[in-house]
Amino acid sequence: MSLLKYAAYRFMTMLVTLWVVSIMIFFIINLPPGDYLSNQIAELRATGQSSAVEQAEFLRREYALDRPLWQQYFIWVGFMPGPNGFSGLIQGDFGWSFEFDQPVADIVGDALWMTVLVNLAAVLFVYMVALPLGVLAAAKSKTWVDYTAAFVGYLGLATPNFLLALILFYYGNRYLGLPIGGLMDPVYEGQPMSWDKVKSVLLHLIVPTFVIGTSGAAAMMQRLRANLLDELGKPYVETARAKGMAPARMLTKYPLRMAFNPFVADIGNLLPAMVSGSVLVSVVLGLQTIGPALLAALKSQDQFLAGFILMFVALLTLIGTMVSDVLLMLLDPRIRYGRRDV
Amino acid sequence: MSKLPDGRYVDDAPYDPDENINRIERADMDAPNWLLVWRKFRQHRLGLISGLFLLASYLMLPFAGFISPYTPNERNADHLYAPPQMVRFFHEGDFVGPFVYPRTAVPDLVNYRWTYETDTTRPMPLRFFCEAGTYRLAGLIKSDTHLFCASEGSTVFLFGSDRLGRDVFSRILYGAQLSLTVGLIGITVSFILGIGFGSIAGYFGGKIDWVIQRTIEILRSLPELPLWLALSAAVPSNWGPVAVFFIISVILGILDWPGLARAVRAKFLSLREEEYVRAAEMMGASSGRVIRRHLLPNFVSHLIASATLSIPAMILGETALSFLGLGLRAPAVSWGVMLADAQNLASIEIYPWTAIPMLPIIVVVLAFNFLGDGLRDSLDPYED
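As they're listed, the protein sequences go chains G and U. Per my numbering: the first sequence = residues 7 to 348. Per my numbering: the second sequence = residues 2 to 385.
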C-alpha cells in the first residue's frame, strides 16, 4: 500500500471512529435524568413565572429536546433535519449553550485554538525533554545520570498534575517572575496578533507546558531508554565499537535510529493522557482553553456545549494518533500495513 | 587475567561450578514457582520496601479512627487554619515526655486572618489511650478510645488544621480509607472486564474478536479525564457518600480495562494453539473451563503485576475528580476532597500545610510503581 493510500485509509477509519465516539458521547451526556431546560422549566413553574416558562418551552421545541432520544442524536449530528432543517455538527452548527445563552461556537471560539496550542506545546516539550534524557540515561546506564533521570521521572509520574501546577505557578512567579494565570496578559486579549502578544503567550505557556508534559515525558523517556538499551546489547553495536567508531557517532547512527520508532508511535498512546492533563491543568490555572467550559457545562447539564467540547477533544486525539501513524510509516520503510505481495 | 609462575594465563573471574548445568536442573532452582519468585523479589530492595509499606498502609485502614486523635469532621472553631504543631519532649532542659505547648488564636486585623501565639511556659502532656470523639473500629465496633490526644485546654494538630478547624493529620488517615480502596475496587472491575473480554476475543477470534478489538481501540484513543468527568457528572447528586464512592471506583475501572484486555488477548492467541489446550478440548472440556482452568493460570501472575502498575492511575484519577468537585463530596473524606481546599494560590502561600495530603499521594503512587516493577522483574525466576 502506498503512503497516500494508507493515509486515506487511516483517515476513513478515523471518521468511522469519530462517528462511534459521537454516539458514545451523546449517550453519556444524556445519562443524567432530565435536561437543562426541563430543570429550568420545573424551577420556573415552582416560582410561578409563566412567561419565562413559555420561552423555555419554545427553546425546547427549537432544539428538539421534546423528541425521542435517537432523533435528538441524529439532529445533533446533522443526519436528520431538525426544526430548522439540517443543522448539526456536520453542517457546522454546534448548537446553543443554555447556561451562557449564546451559540456554542461563540463561547468556545478562541479557546479551541488555545487548546490546540497548549497541547502542541506540550507534545513538543515531551519530545525535547524525553529524547536527550532518554538517550543519556541509556548511554550512561547504571551511573548517577541514569538514576537521577529515573528518580525525576518517577516523581513526575507520581505527583498529581494539578498540584504540580499550583506549586510551580507559585514558585515560578516568586523566583522567576513568571506570570500567574491565563494564557496572555489581559491587555492583549481581543487584540490583533503582534510580536508582544506572541511573547506574552509564550511566557504564559511555560508552566502549563511543563506541567502537562512532565508525566508524558517521564513515561517516554523510560520507554526510549529501555529500547535503546536493548539495541545497545546487540552484536552490531559491538562490531561498531570494535572497529573503533566514535561512541557518540556510533550511538546516533545505528541504535538510536532503531529505537526511534516506538518513540514516534508512542505519541498515539500519550496524547489522550496529555489532552486529559491539559483539561485538568486549565481548570486549575484558569487558562482560556476549553477545560473550564467543559467542567461548567457538565456540572449544569448544558448538553450541547459539553457534547461539542467532548467531540472536539476526541477529534484532537484522533488526529494526533493518525498523524503519528502516518509519520511512523514515513520513518520506517519496513512498516507496511497492507497485505504482503507474494 | 593473571599470570601463573609457569607462564600460563588464568581468568580471575569467580568460578561458578553450576554454570554449565541447565538452569532448571540446578539445586537452588528446584523449588515451587512461588518460592523462586519470592526469592528473586526479596533481592529487589526497593520493591520489597514498597510492598511492606503498602501492606502496612492497608492494614492501618481499619484502625484509622484509633490512631487519629480527632474524628474527621470534628471542628475546632477556636483553631481555624492553625499551623502544624510540634510534639516536644524537653521543657526547659528537663525531660517531661511527649507534650505540646498550648496556643491561642489572635485575630490579625491587618491581614484579616488568625495568627497563633504559643505559650511556652505551660507544657501540656499528651494523653495516651484517652477518650475522645466516638468512631467505629473497622466500621463495626463503636469505640471512643484514641491512641493519643491532647490534654484539656490544648490541641494536637500534627499537620495543622484546615478552613473549618479540622485536624489535617486525622483527615489524612480517614481519607486513606477511601483513597486507597478506590484503586482496589477499580482494579477489580477492570480485571473482570479486561479478562472477560480479552479472553473471549483471544479464544474465539473471528467476528467477536474484531468487534472487541475495535472497541478497545476506540476506548484507548479517547482522553480519559473528560470521559471520567462526563460519567461522574451523571451521578445523581442526592446519592449518599458510600454510593458515590462506589460508583466513582467503578467509573475509574470501566475506562481502564482496554489495556488489560489487549494483553490478555495477545496471550490467548498464542496459548490456544498449545497441545494441552487441544487435549482438554478433545476430552470435552467446555470453553469456559478451558479458559479458566488451563489458560488463565498461565499468566495470572503477570496480570497481577500489571494491575499493581495501574492502581496508581486510579488513585490519581480519584484525586483529580474529587479535586474538580465531580468525585467524592464532603462529608466524605478523601485525599482529593482535602486537596480541593488547597486549590488556590492563596492557600498554598498562606496555609501551605493544607496541601500536605499530596505527600501521601506521591508516596503511595511511587510505592505501587516500585512494587509493580519489582514483581514484574521477579516473575521469571529462570531468567537472570
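Keep in mind that the hints are not guaranteed to be accurate.
What the hints assert, rightly or not - Below 27 Å or equal to it, Euclidean Cα-Cα: the simulated DSS-like pairs (lysine-lysine) are:
(1) U:Lys41 x G:Lys146
(2) G:Lys259 x G:Lys146
(3) G:Lys259 x G:Lys240
(4) U:Lys41 x G:Lys11
(5) G:Lys148 x G:Lys259
(6) G:Lys259 x G:Lys249
(7) U:Lys208 x G:Lys148
(8) G:Lys146 x G:Lys11
(9) G:Lys148 x G:Lys249
To be verified - Covered stretches of chain U, as calculated for chain G (at least 3 residues, CB under 8 Å):
(10) 121-135
(11) 313-325
(12) 349-361
Said to hold, decoys possible - Pulled a few chain U residues facing chain G out of the computed Cβ check, cut under 8 Å:
(13) Ile219
(14) Ser222
(15) Leu223
(16) Glu225
(17) Leu226
(18) Ala286
(19) Leu340
(20) Gln344
(21) Val366
(22) Leu367
(23) Asn370
Worth flagging that the hints you see were computed from the coordinates, not collected in a lab. Here the structure is a predicted model, which is why all the values come from computation and not from measurement. Here a beta-carbon is modelled for each residue, glycine too, at the ideal position from N, C-alpha and C.
For each hint, the structure was consulted:
no.	hint	result
1	U:Lys41 x G:Lys146	holds (26 Å)
2	G:Lys259 x G:Lys146	holds (17 Å)
3	G:Lys259 x G:Lys240	holds (14 Å)
4	U:Lys41 x G:Lys11	violated (50 Å)
5	G:Lys148 x G:Lys259	holds (23 Å)
6	G:Lys259 x G:Lys249	holds (15 Å)
7	U:Lys208 x G:Lys148	violated (47 Å)
8	G:Lys146 x G:Lys11	violated (42 Å)
9	G:Lys148 x G:Lys249	holds (25 Å)
10	121-135	violated (count 0)
11	313-325	holds (count 6)
12	349-361	holds (count 4)
13	Ile219	holds (5 Å)
14	Ser222	holds (6 Å)
15	Leu223	holds (6 Å)
16	Glu225	holds (5 Å)
17	Leu226	holds (3 Å)
18	Ala286	violated (36 Å)
19	Leu340	holds (7 Å)
20	Gln344	holds (7 Å)
21	Val366	holds (4 Å)
22	Leu367	holds (5 Å)
23	Asn370	holds (6 Å)
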